[in-house]
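**Student:** Here is how the chains run, residue by residue.
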Amino acid sequence: MIPTPALEIVVLVWGLVLLLAEAFVDKLDKRVFAIAGIVGLVAVLLGSFFLAPPPPAASTGFWSFYTADPLAIFFKRFALATTIFILIMAIDYAPAIRMGVPGANPQAGLGEFFALPIFTCAGLMWMASAIDFVMIFVSLELVTMSFYVLVTFTRRNPATLEAGVKYLILSALSTGFLVYGITWIFGVTGETNLARIGAVLARQDFDHVPLLFGFALVLVALGFKIAAVPFQIWVPDVYQGAPTPVTAFLSVGSKAAGFVVLLRVLGPFSILPQVGKLLVVIAALTLIYGNFAALPQTNLKRLLAYSSIAHAGYLLIGVVCFAGTAVAFYLVGYLLMTLLCFAVVVLVAADGGEQIEDYSGLVRRSPFLAGAMLVGMVSLAGIPFTAGFLGKFFIFDAAIRQGQTLLVVIGVITVGCGFYYYLKVIRAMFWLPPPNDAPVIQISPLSRGAIGLLIAGIFVFGVYPQPILNALNPPAPVAVTAGR
Amino acid sequence: MSPVFFWLASALMLLFGAAVIMNRNPIASALSLVVSFLGLAALFMSLDAFFIGIIQVLVYAGAVMVLFLFIIMLLDLRAEERRKINLVAFAGGVAVAVIFFGQLCLVIGHLRQAKQSFPALPLNHPDDVRSVGLLLFGNYNLPFQIIAVLILVATIGVIVLSKRELR
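From first to last, the protein sequence lines stand for chains A and B.
Sequential numbering from 1 applies to the first sequence in our numbering.
Sequential numbering from 1 applies to the second sequence in our numbering.
No wet-lab data here; the hints were simulated from the structure.
Built from N, CA and C at the ideal position, the CB exists for glycine as well.
Check the hints yourself; a few may be wrong.
To spell it out: a stretch of chain B is covered by chain A in this simulated footprint if at least three of its residues, at any positions, have a beta carbon under 8 Å from a beta carbon of chain A; those stretches are [claimed, not checked]:
(1) 16-30
(2) 63-74
(3) 144-153
(4) 161-167
Pairwise CB distance ranges, derived in the manner of DEER restraints [what the hints assert, rightly or not]:
(5) A:V460 / B:L74: 52 to 58 Å
(6) B:R167 / A:P367: 20 to 26 Å
(7) A:N473 / B:K115: 42 to 48 Å
Only pairs whose alpha carbons sit at most 20 Å apart, straight line, appear in this in silico SDA-like list of lysine to any residue [claimed, not checked]:
(8) B:K163 / A:Q107
(9) B:K115 / B:P3
(10) A:K424 / A:V408
(11) B:K163 / A:F24
(12) B:K115 / B:F101
(13) B:K163 / A:A104
(14) B:K115 / A:D205
(15) B:K163 / A:V165
(16) A:K166 / B:S10
(17) A:K166 / B:G157
(18) B:K163 / A:L161
(19) B:K163 / A:R155
(20) B:K115 / A:G187
(21) A:K166 / A:I233
(22) B:K163 / A:D26
(23) A:K166 / B:G93
(24) B:K115 / A:V209
(25) A:K166 / B:S162
(26) B:K115 / B:S10
(27) B:K163 / A:E22
(28) B:K163 / B:L74
(29) B:K163 / A:G187
(30) B:K115 / A:D26
(31) B:K163 / A:P102
(32) B:K115 / A:H208
(33) A:K166 / B:V158
Here chain B stands alone, though its shape is the one from the complex (with noise of 0.2 Å):
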């Protein structure tokens, strides 16, 4: 992988974050995320995981971002843009924000791996999809399962939450 093209990549999934909570516009912000969304794909491709990279392209910047657009339709865009900016709070978020950052610097400082470059992957492309199929139905069976009983657990409560009038 060219590092390049690496920087490039993550140039862009960085600014399209920032400008996410930047915007006032909800669905500036929601676009912004796709194209982030778009260079974190761009980034696992690079270490050769395809699979995880179109399945970010295919849900997250597709589905997942579909139903943002249509939840942020159903909002009052004009009330959000009309919204003045607390003092306070933003001064407290974003001091939050800072020193947050400052740890992570330092924490990263004191990490190992992050001094030393990463051994070359080997040149014989491993079957991404098989070898993930084969872990989720293999070794994690059991939280997989569980997810299932999650999701259905959600649908239920969607159910029950959002219909005007229950049955």
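Just chain A, with the same shape it has in the complex (with noise of 0.2 Å):
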């Protein structure tokens, strides 16, 4: 049995090995480290269904900023399996990090470029066990901070440059946002710990304007972190300039790090009635934007940064309706999905770019990738018999339960509009020629398991969900025992 902070640390030492060995070696393919850290997450996962259950909570020291609920260890798991897949993609991304990074050896950053992502997944798995502001604001500065070097790794490219520096200074402002709005909650409350601020809140003794002001301050931040409109500028800028594969771990790792966050923190203030109308327009604005600004995109990773806001827009409604399960539920969906989609692009743009009309006539050049994008496309759209149908319908179910009539009226009429360009792209794929010059595309066998791997989760979880709901709501542990 394994305690659960040991998660974290093993990951912690693990990129810390690595980055220290890579210093060392010259000679080796840089590409074994990523290897290595894909082995050492692997590792951890597994290691992670093998805890110990929790100590309960303590009112100070450590059991009080970090909690090991199953929400907890659910989005731990979600990280790691992020990372892996992120590194995966990260070696088909080398020869572009070589072009990107200025440096007399050919091999010169790319260990730092598969080190860091590991440091980024410790940060996200703290994000997932805080329950402290001070424990959150320190965990999310480690991911915003390790992603602010990840986004403007290849900066040879102007395009890299101008997405890091929005992305520093629009991050740095929302960080200042967060700082700003718990000092708000802690000069009402007198606490930083959101059980203990809940405490306070039932009691009914604060004053209400204040300790609003300082939440609105924290939702601004947190906004930021899951791309909801009006906090959403940065996001398709930031996303198309980054490299590929950090674009992708942006748009998984740190929006479902940003919700695990909104939860926890919506805990103690859902007792506000303000909240709840608050997060009703973010999330309508949210659906209604990212659906619309997407149709006229003509380019592949700008068309998934609306689609990633979009999204964003469809988890606001489940947590809206405080439904934990199916927000989690939508988020493993959504993480199949849009590794999915980013793996075949990393993958098309090694020989080709990143413009919708670079996809046409793929069938021709790569049957697989043609088919991977057209699972991850059809899922984003929410066919049914897929993870990405399930999950909207989930959330929908959530949101009619509530009452939240209007949200459902406006998340079917998206829904309408992501039909529309996510089947733009299948249409160039299948029904447009391919150029003429255009080289058939070599996977590489790793590359090829992964993509088939989450092509796989995507119709098992899209007729199976049982094995996510039960993660998050686990059945009596009397059944357990009784088993053995």
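The task is to assemble the complex, starting from two chains supplied on their own in separate frames and drawing on the hints.
**Tutor:** Set out below in structure tokens:
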């Protein structure tokens, strides 16, 4: 039995070991370090299924900052799985890193590019467990700091530099909002621990306006992380300019962690009536903006950026209804289909471009990749028997139960928009002729396996969602002991 | 603490804080920021938080500002002075600032603590270096350790992003 905090420590130490080893080994192919990172993270992921039960929450010390409840453990696995796929993508992206990083040695910078996501993963895992504003702030900053570096990594490319500067400035601004909001909340309640803030709020003995002000400021910062309208302005440029594996990491890892923190923070604050209304407005705006702005896009990464805003809207519907399980399931579906699409983008962009027209006739150049992209797009659009459909189904189901008719109506209309822009990509791949000189795309066995796994996941969870639903609401422990 | 001291230090802080954004010359802005930090340090001292006051001077007014000045020296100052003010952006920025300030006043008007005076501090001064240390390495040990990881990542990032030629 492994104590839960050991997971992060192992991830962190493994990252340090790889970083150190990379500094002393010159001759080796640096991709070995990515493989080593993947092996280490897979080991931790397996280890996360043999966790010791956590001690009860304490009022001070370690366990007042850190929780090991099912939600935390679920999202730790989520972060680990995301990082594993990101590292696999990063191996395929290595040639582009060589072009984008100034260096005498052709392998310059590769070691850091493979090691930094491991530190980000540790940050995401801490975020999943954070139950105190101090801990939320520190782990969020660890994640953001490593993303500053990763987004700007291929700095010879002007678009990447632009993306890096935009991300740095806007993200720093949003951090400012977060800290300022936390100080207001602390000023009113005298606590940073979410459970104790909840206790103060339950007593109804506080100043409403200053507390709402503080909460709104925190919401601004979290809205930035999850790319909710009107805090989404950075998303299209940063997603388009950043190295593709980093874009995938931002759109899955950073967003999921943002939603976990949002769910945790909403716990105590949900008793304020204004909070629900505010979230409904944000969700509606996000749905409308993300889906309609995606319609005219011609660059696939930019299209996926707007699609990521749109999906934040669907997730926010789940958050408004406090349907934690539905949100978690949607995020798993989102992980599978988004990583699948970005994995294909990395492989196709290696000897093509990122415009949708570069995908013309992809089915002739690589039927496997075209099929993978088809599954990804179909699931993003939400066609039955895919994880994307069931995710939307659970979210809308929760919304109908809560009587959020307006959000359901907007959601259904915007799903219709989604069909148009996702199917545009499918049309290019299957109906348009390929350019004459387009080479056949080579795929490494590792990526082929990863893509196959993602496709399988989309279909398996699209018809059999029980494993994920049970992970968050574990069946009574009595049944487990009785079975032995 | 004498109220005169409080008003003096606050006025100093706000005045030079405004000067930071009003000045066209970046060096003058940076030096105004130093004075603003000194005012803040004086406020901390007057609240008996001597350790934080000293750290404010040493770290912010000292180390961080030297860093700022170094960076400013690497920039092209003339370009900044020649730059014209974009009126629309200026008006927008002022509007946002005014709205935010108004909102802040409103919120403070609703704050109970703002209407009552705080109880006087006990006369026996606590050993604040010791208390800060105990808090950091005791209760707040986990976040403190994560900050160490954060700084490591930042260090790696600076090297990766700033070296002219990576090896």
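**Student:** Look at each hint and say if it fits the structure.
**Tutor:** Evaluated hints:
1. 16-30: violated (count 0)
2. 63-74: violated (count 0)
3. 144-153: holds (count 6)
4. 161-167: Held - the region 161-167 of chain B has 5 residues with a Cβ nearer than 8 Å to chain A, which meets the minimum of three.
5. A:V460 / B:L74: 52 to 58 Å: At roughly 55 Å between Cβ atoms, L74 (chain B) and V460 (chain A) fall inside 52 to 58 Å, so the hint holds.
6. B:R167 / A:P367: 20 to 26 Å: violated, 41 Å
7. A:N473 / B:K115: 42 to 48 Å: holds, 46 Å
8. B:K163 / A:Q107: holds, 15 Å
9. B:K115 / B:P3: Holds: K115 (chain B) and P3 (chain B) sit about 17 Å apart, inside 20 Å.
10. A:K424 / A:V408: Since the Cα atoms of K424 (chain A) and V408 (chain A) sit roughly 25 Å apart, the hinted pair is violated (cutoff 20 Å).
11. B:K163 / A:F24: holds, 19 Å
12. B:K115 / B:F101: Since the Cα atoms of K115 (chain B) and F101 (chain B) sit roughly 19 Å apart, the hinted pair holds (cutoff 20 Å).
13. B:K163 / A:A104: holds, 12 Å
14. B:K115 / A:D205: holds, 16 Å
15. B:K163 / A:V165: Given pair K163 (chain B), V165 (chain A) holds - Cα atoms ~17 Å apart, limit 20 Å.
16. A:K166 / B:S10: violated, 34 Å
17. A:K166 / B:G157: holds, 17 Å
18. B:K163 / A:L161: holds, 15 Å
19. B:K163 / A:R155: holds, 11 Å
20. B:K115 / A:G187: With a Cα-Cα distance of about 14 Å, the restraint between K115 (chain B) and G187 (chain A) holds, given a limit of 20 Å.
21. A:K166 / A:I233: Judged against 20 Å, a Cα distance of about 10 Å means the pair holds.
22. B:K163 / A:D26: Holds, because 18 Å separates the two Cα atoms, which is no more than 20 Å.
23. A:K166 / B:G93: holds, 18 Å
24. B:K115 / A:V209: Answer holds: K115 (chain B) to V209 (chain A) is near 15 Å, not above 20 Å.
25. A:K166 / B:S162: Within the cut-off at roughly 17 Å; holds.
26. B:K115 / B:S10: Judged against 20 Å, a Cα distance of about 19 Å means the pair holds.
27. B:K163 / A:E22: Satisfied, since the Cα-Cα distance of roughly 17 Å is no more than 20 Å.
28. B:K163 / B:L74: With Cα atoms ~16 Å apart, K163 (chain B) and L74 (chain B) stay inside 20 Å; holds.
29. B:K163 / A:G187: At roughly 43 Å apart (the allowed maximum being 20 Å), G187 (chain A) and K163 (chain B) break the hint.
30. B:K115 / A:D26: violated, 66 Å
31. B:K163 / A:P102: Holds: K163 (chain B) and P102 (chain A) sit about 9 Å apart, inside 20 Å.
32. B:K115 / A:H208: holds, 15 Å
33. A:K166 / B:V158: holds, 17 Å
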